[in-house]
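My request is simple: use the sequences and hints to build the entire structure.
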Amino acid sequence: MRLTPYQIVTPLVALLAVVYAWNLVLRRKKSVLEAILWTLFWGALALVALRPTIVSYLSALTGIENQESAAIVTFVGILFFLVFYLIIRVEELEQRQAKLIRHLALREAGLEKEKRD
Amino acid sequence: MIIAVIPAFNEGKRVAQVVADARKFADRVLVVDDGSTDNTGAVSQEAGATVIRHVQNAGPGAATMTGIEAARRMGATVLITLDADGQHDPRDIPLLLKPIEENRADIVFANRFGRRNRIPFIRRLFNGIGNVLTLLAAGKWVSDSQCGFKVFGSKSLAEVDLRMNGFEFCTEIVREAAQRRWRIAQVPSKVIYSEYTMAKGQSFANGVKTALKILLRSFLR
Chain A
1 MRLTPYQIVT PLVALLAVVY AWNLVLRRKK SVLEAILWTL FWGALALVAL
51 RPTIVSYLSA LTGIENQESA AIVTFVGILF FLVFYLIIRV EELEQRQAKL
101 IRHLALREAG LEKEKRD
Chain B
118 MIIAVIPAFN EGKRVAQVVA DARKFADRVL VVDDGSTDNT GAVSQEAGAT
168 VIRHVQNAGP GAATMTGIEA ARRMGATVLI TLDADGQHDP RDIPLLLKPI
218 EENRADIVFA NRFGRRNRIP FIRRLFNGIG NVLTLLAAGK WVSDSQCGFK
268 VFGSKSLAEV DLRMNGFEFC TEIVREAAQR RWRIAQVPSK VIYSEYTMAK
318 GQSFANGVKT ALKILLRSFL R
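Those sequence lines, one after another, are chains A and B.
Letter by letter, the first sequence follows residues 1 to 117 of this note's numbering.
Letter by letter, the second sequence follows residues 118 to 338 of this note's numbering.
Incorrect hints may have been included.
Unchecked claim - One-sided and incomplete, this derived list gives chain B residues near chain A with beta-carbon spacing under 8 angstroms:
id : residue
1  : 170
2  : 171
3  : 172
4  : 173
5  : 175
6  : 179
7  : 187
8  : 190
9  : 246
10 : 248
11 : 249
12 : 253
13 : 254
14 : 256
15 : 260
16 : 280
To be verified - Computed cross-link-like contacts, DSS-like style, restricted to lysine-lysine with a CA-CA straight-line distance of at most 27 angstroms:
id : chain 1 : residue 1 : chain 2 : residue 2
17 : B       : 141       : B       : 215
18 : B       : 272       : A       : 99
19 : B       : 257       : B       : 272
20 : B       : 307       : B       : 215
21 : A       : 113       : B       : 272
22 : B       : 141       : B       : 272
Unchecked claim - Pair by pair, the computed Cβ-Cβ distance ranges are:
id : chain 1 : residue 1 : chain 2 : residue 2 : range
23 : A       : 99        : B       : 130       : 27 to 35 angstroms
24 : B       : 245       : A       : 60        : 23 to 31 angstroms
25 : B       : 165       : A       : 99        : 25 to 33 angstroms
Hints listed in this document are in silico derivations from the structure and should not be mistaken for laboratory results.
Heads up, the beta-carbon is just placed ideally off N, CA and C, and yes, glycines get one too.
Right, here's the structure in full:
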């Protein structure tokens, strides 16, 4: 079987990502469930790269048979990702705001950290 | 020094009694007034608490972290967190302190389901869902993961760093405990549910929002 560069790079990247995820589990920075989810995600990517014909099974499973439908589904996927990204950004802003509120509260209570030189 | 931290938002009717009861078991009581629009801060101060005030409501997680940070700077070695609505019985504090004093645990969770408490079905259901979500996000089972009554020993007090502002912070604490390998103890505790505490509790919509946030953060982290 002749492999294209894409078919070599994608499984390697997937392998790295999976090893990294399980490494985080060992370091207790990710739960086992999260690592399983990431393993499934990257495993699926690697599988599609190595065996592109599997997509035809996917087509039968999802009913997406033409390119137009595939494009719409892809854009819906991108929109979902954007919404998730925005939620995370809003959360980060909330966290910054909370830090500011905390800083003010502690300063008002005379519990401000001593300034470092 | 043992410091009790009580995050409070519009709890002017209840917080004074909680402060008075907590003072019997803690060296100092710290109320974090989370931007209340009533007299929560004033009545807490009258009851003998040190009050730290958020200029704006930031959520129970943010208020708890402010209390933790303040307690560290005040030299706390052990920290107790209590809800301000009076649902916990401060007389349980010595029981929760015991595993820390005996060096058997770094963090102690109160377990409202470990005793014969009259807990409404809907609360049992919500807490059960919270426990399952916490297990999925943290990889650790805690029988009452969403309870606000906890004791932090010196190790967990020094290391804890909460980033979530809302009610998700309870799950975050379990996650921190798992990640930082704190020894966990769970102690059955009394809970007093009144019409007031039921009305003040989380709504279904809030619960769903909290659950989604936990899962989303957990997956995207």
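Evaluated hints:
With a least beta-carbon distance of about 6 angstroms to chain A, the hint placing residue 170(B) at the interface is held under the 8 angstroms criterion. For residue 171(B), the interface hint holds, since its Cβ comes within 8 angstroms of a Cβ in chain A; the closest pair sits about 5 angstroms apart. Checking residue 172(B) against chain A: minimum C-beta separation of about 6 angstroms stays under 8 angstroms; hint holds. Using the Cβ-Cβ criterion of 8 angstroms, the hint placing residue 173(B) at the interface with chain A is satisfied: the shortest such distance is roughly 6 angstroms.
Against a cut-off of 8 angstroms between C-beta atoms, the interface hint on residue 175(B) holds, since the closest Cβ of chain A lies about 5 angstroms away. The criterion of a C-beta within 8 angstroms of any C-beta in chain A is met by residue 179(B), whose closest approach is roughly 4 angstroms, and the hint holds. A cut of 8 angstroms between beta carbons decides the hint on residue 187(B): the least distance to chain A is about 5 angstroms, and the hint holds. Taking 8 angstroms as the C-beta contact cut-off toward chain A, the hint placing residue 190(B) at the interface holds, the least distance being around 5 angstroms.
With its C-beta approaching chain A no nearer than about 16 angstroms, residue 246(B) sits outside the 8 angstroms limit, and its interface hint is violated. Taking 8 angstroms as the C-beta cut-off, the interface hint given for residue 248(B) is violated, the closest approach to chain A being about 14 angstroms. Taken as an interface hint, residue 249(B) does not check out: its beta carbon lies about 11 angstroms from the nearest beta carbon of chain A, beyond 8 angstroms. Nearest Cβ of chain A to the Cβ of residue 253(B): about 5 angstroms, under the 8 angstroms cut. The hint holds.
Taking 8 angstroms as the C-beta cut-off, the interface hint given for residue 254(B) holds, the closest approach to chain A being about 6 angstroms. At a threshold of 8 angstroms, the smallest CB-CB gap from residue 256(B) to chain A is about 4 angstroms, leaving the interface hint in force. Annotation: residue 260(B) was flagged as interfacial toward chain A, and the flag is violated, the nearest CB pair being 18 angstroms apart, outside 8 angstroms. Checking residue 280(B) against chain A by beta carbon gives a least distance of about 6 angstroms; that is within 8 angstroms, so the hint holds.
Distance hint between residue 141(B) and residue 215(B) is fulfilled; the C-alpha atoms sit about 16 angstroms from each other, no more than 27 angstroms. The straight-line distance between the Cα atoms of residue 272(B) and residue 99(A) is roughly 23 angstroms, inside the 27 angstroms bound, and the hint therefore holds. Distance check on the hinted pair: residue 257(B) and residue 272(B) sit about 19 angstroms apart at the alpha-carbon level, within 27 angstroms; holds. A threshold of 27 angstroms between alpha carbons decides the hint, and for residue 307(B) with residue 215(B) the separation of about 16 angstroms falls inside it, so the pair holds.
Pair hint residue 113(A) plus residue 272(B) holds up; C-alpha atoms about 20 angstroms apart against a cutoff of 27 angstroms. The straight-line distance between the Cα atoms of residue 141(B) and residue 272(B) is roughly 24 angstroms, inside the 27 angstroms bound, and the hint therefore holds. A hinted range of 27 to 35 angstroms for the beta carbons of residue 99(A) and residue 130(B) is consistent with their spacing of about 30 angstroms. Taking the beta carbon of each, residue 245(B) and residue 60(A) are about 39 angstroms apart, not inside 23 to 31 angstroms as hinted.
About 29 angstroms separates the C-beta atoms of residue 165(B) and residue 99(A), a value consistent with the hinted range of 25 to 33 angstroms.
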